Amino acid sequence: MRHSLDDVLVQLLPGASLYAVGGRVRDEFRSRLDGVARPPKDLDYVVTGIAFDVLLEALRSAGRVDVVGASFSVLKFRHPAGEADIALPRRERSTGTGHRAFAVESGPEIPLEDDLRRRDFRMNMIARRIADDAVVDPYGGVADIRAARIDIVDEATFVEDPLRMLRAAQFAARFAYKPTARTSAAIASAAPLLATVSAERIGDEFAKLFTAAAPSVGIEILRSTGVLVHLWPELLEGLGVDQNDWHAYDVYRHNLATLDAAPTGDVTLRLAALLHDIGKPRTAAPRPEGRGNTFYQHEHVGAALVAPMLARLRLPNETVETVAHLVRHHMYAADPELQDKTLRRFIRRIGPEHLDRLFALRHADIDGSGLPKRDDSNERFEARIAAVMAEGPALGVRDLAIRGIDILALFERRGLAKPGFRGDARVGHVLRALFEEVTDDPSRNDAALLAERAERYIDEHFPVSPAE
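Residue numbering for the sequence shown follows the UniProt record's numbering, starting at 1 and increasing by one per position.
Just so you know, these hints were derived from the structure itself, not from any lab.
Each hint should be verified, as a subset may be incorrect.
Across the chosen pairs, the derived CB separations fall in these ranges [unchecked claim]: (1) E155 to R314: 25 to 33 Å; (2) A199 to G404: 38 to 46 Å; (3) E289 to R374: 17 to 25 Å; (4) T319 to A386: 21 to 29 Å; (5) P286 to D340: 37 to 45 Å.
Since this is a predicted model, take the numbers as computed values, not measurements.
We put the CB at the ideal spot given by N, CA and C, even for glycine.
All chains should be built: construct the whole structure from the sequences, respecting the hints.
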C-alpha cells in the first residue's frame, strides 16, 4: 500500500533500502485478509545500507528533521507529503526490568532481522521493502495474522516492557485475536511488573482498549493472567457476587457486559459503564425474600471508588469527575409521569451536559443485564426530558431575569446594607429562593415579578441588617 511519502523517501535515499515497519505493515496484511481498508496512522521506516550522517543530511535537504533518539538513531522527518519516524536498524538488550534499562546498538551493520526481533509480537515483526514490496518476515508474523493469534518470540518480552501485557489485551479486543498459551503464560509470570509502568502509559493503552467493539475481551485476558489484580482489584470483588432476578450475571460480568454495550468512541462513557456498579460488592446484603443481594447506596460507594481507581490511569480531572458523577446518578428513577417541575429539578441535578451520557449508560446497563428489556419507560422518560429542555427552562441562577446587582440594590434601598454594598450570604439566599420558584413555574421568570418577590422574601427573612 503506497503512501506519497514513500516516493519522496525513495528519491532522497538512492542506494539505500527503505522498509516500512510496525503497525502499518501488520494492518496491510489484515486488510488483505478481510478487505477492510486501514489507512496508516503512523509511518515508521527502517533504512539499511546507509550511514546515519548520510541519512540525516539527505533528509534535511528536503524537510525538517529532529533527532528524537540520538543514541538510537531515530529521526522525526516532516515533509509536505507527511510525517514519519525514520531509523537505522537497531538491536536492544535489556539490562533491567520495566522498559527502563537497555543497551542499544544502532547502525547500518545491524541486520534488519535483529531490528524486527526487538518488537513486541510476531505480527509486528514484519517489514516491507518500499522499492519492490518484498516482505521480510523472519519470525512468522504473517502466519500469526492469518491465524488471528498473538504470539511472542521470547518469554522475556513482558519483563523487558511490562506495558506489552496491556498491548496484548487491547490487540486481542480490537482485532479479535487470541493470545497463544505461551503468550498467556509469559504474561502471568510477569504480571506483578505492571507496578513498574507509568500511569500515563497504562492510560494510553486503556484508551485504545476502549475503542474495541468488545473491550471485555481484553479485561478478561488481564483477569485470567493475573494482571488485573495489580491494576483494578476492585473489579474482581464482583466475581461471584449474585444480584437478583433482573440480572443474569454476577456483578463482575454485568460490569463487563455493560462496558461492551456502551457506545464506542466515548472513553468517558465506557469507563462509567465498567465502573457503574463497582460499589455493589461493598454494599451487598442477602435478600431475605429470595435469590441474590441488595446493594443499598452502592452508587454513592461506587462514585467514591472512581477517583482512586482512575488515578492509576492518570486521566484528566474532568474525565474522572464526569465518570464519578455518572456512577453516582446512574440509579435515577425514569418515571415518565413525573411533573414538569420535577423533571426540571432532575435536569438541574444531573446537568444538561451529562444527560446524553447518563441515558446511554442506562441503556447499556439494561443491555448488560443479560435479560430482555421490560418496557419502554426509559424512552418515554427521555422524551419528556427532551420536551422540557426544548422549552429552554432556567437551569441556574444565571438564567434568571433578575441579576445579583439588582438584589444588591434592593438591600441598599431598604436600608439593609450600606451604599456600595458588594453582597453577602443573604444575596445568595434570595437568588436561590427565586430560582426555586422559577423551577416550579417558568412563567415567573420575569424581571418585574422576581423583583417584587425578592422584596417580599427580604422582608420575611432579613428584616434587619446584620450590622444591627
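For each hint, the structure was consulted:
1. The hinted window of 25 to 33 Å between E155 and R314 holds, with their beta carbons roughly 29 Å apart.
2. Hint check: A199 to G404, Cβ distance near 42 Å, so the stated range 38 to 46 Å holds.
3. Distance hint check: the CB atoms of E289 and R374 are about 19 Å apart, consistent with the given range 17 to 25 Å.
4. A C-beta distance of roughly 26 Å is found between T319 and A386, which places it inside the suggested range of 21 to 29 Å.
5. Take P286 and D340: their Cβ atoms lie about 40 Å apart, and the range 37 to 45 Å holds.
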